[in-house]
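Student: Starting from the structure of chain A, add chain B where the hints point.
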Amino acid sequence: MRQARVPMIASEHTPPLEVPRIRRAGSARLAFERVGNRTVVRTALAHSPLRLLTPRNHGHAAWVYTSSLGGGLVDGDHLTVDLDVAEGAAALVSSQGSTRVYRSPRGCRSELSARVAPGALLAWVPDPTMCFTGARYTQSQDIQLAPGASLILMELLTAGRSAAGERWAFTHYTSSLRVHREGRALIDERWLLDPAHGVLPERLGRFDALGTVVLVGPALDSAREALAAHVGSLPVKPRSGLVCSVSPLGPDALVLRAAATSAEALVRTSREWLSFLPSLLGDDPWVRRG
Amino acid sequence: MGSAWRVLQLADSGFPTGGFAHSGGLEAAVQQGEVRERESLERFVRELLWQTGHGALPLLGAAWREPSTLGALDARADAFLTNHVANRASRTQGRAFLDTCARIFPGPVGPLRQAAREARVRYHHAPLFGAVLRVLDVELSDAQQLLLSLTLRGALSAAVRIGIVGTHESHQMQNRCAPLLDSVLETCAGLGVESLAQTSPLMDLLGSTHDRLYSRLFLS
Chain A
1 MRQARVPMIA
11 SEHTPPLEVP
21 RIRRAGSARL
31 AFERVGNRTV
41 VRTALAHSPL
51 RLLTPRNHGH
61 AAWVYTSSLG
71 GGLVDGDHLT
81 VDLDVAEGAA
91 ALVSSQGSTR
101 VYRSPRGCRS
111 ELSARVAPGA
121 LLAWVPDPTM
131 CFTGARYTQS
141 QDIQLAPGAS
151 LILMELLTAG
161 RSAAGERWAF
171 THYTSSLRVH
181 REGRALIDER
191 WLLDPAHGVL
201 PERLGRFDAL
211 GTVVLVGPAL
221 DSAREALAAH
231 VGSLPVKPRS
241 GLVCSVSPLG
251 PDALVLRAAA
261 TSAEALVRTS
271 REWLSFLPSL
281 LGDDPWVRRG
Chain B
291 MGSAWRVLQL
301 ADSGFPTGGF
311 AHSGGLEAAV
321 QQGEVRERES
331 LERFVRELLW
341 QTGHGALPLL
351 GAAWREPSTL
361 GALDARADAF
371 LTNHVANRAS
381 RTQGRAFLDT
391 CARIFPGPVG
401 PLRQAAREAR
411 VRYHHAPLFG
421 AVLRVLDVEL
431 SDAQQLLLSL
441 TLRGALSAAV
451 RIGIVGTHES
461 HQMQNRCAPL
471 LDSVLETCAG
481 LGVESLAQTS
491 PLMDLLGSTH
501 DRLYSRLFLS
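Going down the list, the protein sequences come from chains A and B.
Going by the numbering used here, 219 is the number at position 219 of the first sequence; the sequence numbering is gapless.
Going by the numbering used here, 443 is the number at position 153 of the second sequence; the sequence numbering is gapless.
Keep in mind that the hints were calculated from the coordinates and are not lab data.
Some hints here could point you the wrong way.
[Said to hold, decoys possible] Using C-beta positions, here's what the derived DEER-type ranges look like:
hint, chain 1, residue 1, chain 2, residue 2, range
1, B, D472, A, R271, 41 to 49 Å
2, B, G397, A, G232, 38 to 46 Å
3, A, P278, B, G480, 48 to 56 Å
4, B, I394, A, P105, 51 to 59 Å
5, A, S48, B, G482, 31 to 39 Å
6, A, S275, B, E332, 39 to 47 Å
7, B, A301, A, E202, 29 to 37 Å
8, A, P147, B, E459, 49 to 57 Å
9, B, F305, A, H60, 57 to 65 Å
10, B, S303, A, E87, 55 to 63 Å
[Unchecked claim] Derived contacts from chain B toward chain A, CB cut-off under 8 Å, selection only:
hint, residue
11, Q322
12, E337
13, W340
14, H344
15, L486
16, A487
17, T499
Note that this is a predicted model, so its numbers are computed, not measured.
Where is the CB? At the ideal position from N, CA and C, for every residue including glycine.
Isolated chain A (complex conformation):
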């Protein structure tokens, strides 16, 4: 059964009613395997507050959607996802709605550790993360790619409850991304957004959303070529509502980045970039399910 996915809307931003008093440590273990022409979810185990949904689809890839109980991360939450995509398998992991991080003086953490085997594909494409007033959020994503493995990784960060005038009001945000291949680091970066370096809403100016898309490996050769040509030839205009860039990382990897004046514009752009996904997976993960 397909699950309804709820797009980011302002009315959703009410904190959970029952705020747990204890730290919640949610962990999930996922393993994907190829059986015949299809990929199956071999293991999908999750401990609260993390939950996993495995909707069927018409393609050859297996899809998993994560969600967290209570609709977001509250103070002290620590989520970990451990994931394997076996040889020749194709997996899409997304989230059921945005990841909302609430006020969290003790901090919230989220960690991904993934291994992608030869000839396999991982599409890690969650909805945006939004950190609310007083949120302290630390995220790390570690991906080990075997030779011939492919990766689509999307990361979107939005300003928070912009409609209510709450923009970039968190107290700390760190996100590290490491992509290793055969023991060598292809990407090893960390974003650190902290008001200690200046008032964040001023520093981010008119922009309400920042995003990154990473494409690595042979399954994405033609997508990379098309995107490098398209984004690489966009004119640079003053005060544009959308700023995009594309940087090649060696012969078979690409990083796309964007800043947008609205979360919707960023989501739209990132989906345009990933418009090859339905044909790659054999089904469209972005269509509204219900």
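Tutor: Just chain B now, with coordinates in the frame of chain A:
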């Protein structure tokens, strides 16, 4: 005491390392309308200095403490600088800095340059800067101060050439940045490579569009 004279020599704008071909992302930020006048230039410079503190000083420090790890630190810098414009600028400036120093101080820097070649490094600037200043017997704190000061001056001199501020105004601004330089140094001087961070993803993004600008005065 000999090293104090060297620091002054390295800080001299006449020291031929080609740094003036780079704007540190300023030219792209200006053409995108994000930097227009003094206030926004001050904000840009503040972003740039914190970014240097978190994104370059840890590599500089690690290379200064252990110049033999240059190869690993160079690879770390390469994986950290995913923005191709910043990555290329780091390699261009690192190579120019090493070559110039090897010519001017062949005794101490020549062997380092040879070792860097043999390690097949990509010549990223921050780790090379630390390693070169170590073999030149410059104290770590002086090396850190020098990098921050050169970064600030580079951006402000680019601002003068782009025409956002005049020469005197840019130096007044440089002077006003002293407390900020102190804060960056205090916060970042002790950071290890595990703390490397990009504190200004928006400025990084703006700078990464450099190659697509309609006209360009600078290489980055």
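Student: Hints first: check each against the structure and report whether it holds.
Tutor: Against the structure, the hints come out as follows:
1. B:D472 to A:R271: 41 to 49 Å: 45 Å, holds
2. B:G397 to A:G232: 38 to 46 Å: 45 Å Cβ-Cβ, so the 38 to 46 Å window holds.
3. A:P278 to B:G480: 48 to 56 Å: 49 Å Cβ-Cβ, so the 48 to 56 Å window holds.
4. B:I394 to A:P105: 51 to 59 Å: 53 Å, holds
5. A:S48 to B:G482: 31 to 39 Å: Roughly 36 Å apart at Cβ, these two residues keep to the hinted range, so it holds.
6. A:S275 to B:E332: 39 to 47 Å: Taking Cβ atoms as reference, S275 (chain A) and E332 (chain B) lie about 41 Å apart, which means the hint holds.
7. B:A301 to A:E202: 29 to 37 Å: At roughly 31 Å between Cβ atoms, E202 (chain A) and A301 (chain B) fall inside 29 to 37 Å, so the hint holds.
8. A:P147 to B:E459: 49 to 57 Å: Given a distance of about 55 Å, which is inside 49 to 57 Å, the answer is holds.
9. B:F305 to A:H60: 57 to 65 Å: 60 Å, holds
10. B:S303 to A:E87: 55 to 63 Å: 57 Å, holds
11. Q322: 6 Å, holds
12. E337: 7 Å, holds
13. W340: 4 Å, holds
14. H344: 6 Å, holds
15. L486: For L486 (chain B), the interface hint holds, since the closest Cβ of chain A sits about 6 Å away, which is under 8 Å.
16. A487: Holds, because the Cβ-Cβ distance from A487 (chain B) to chain A comes to roughly 4 Å (cut-off 8 Å).
17. T499: With a closest approach of 5 Å, the T499 (chain B) hint holds.
Against the hints set out earlier in the document, no violation occurs for any number.
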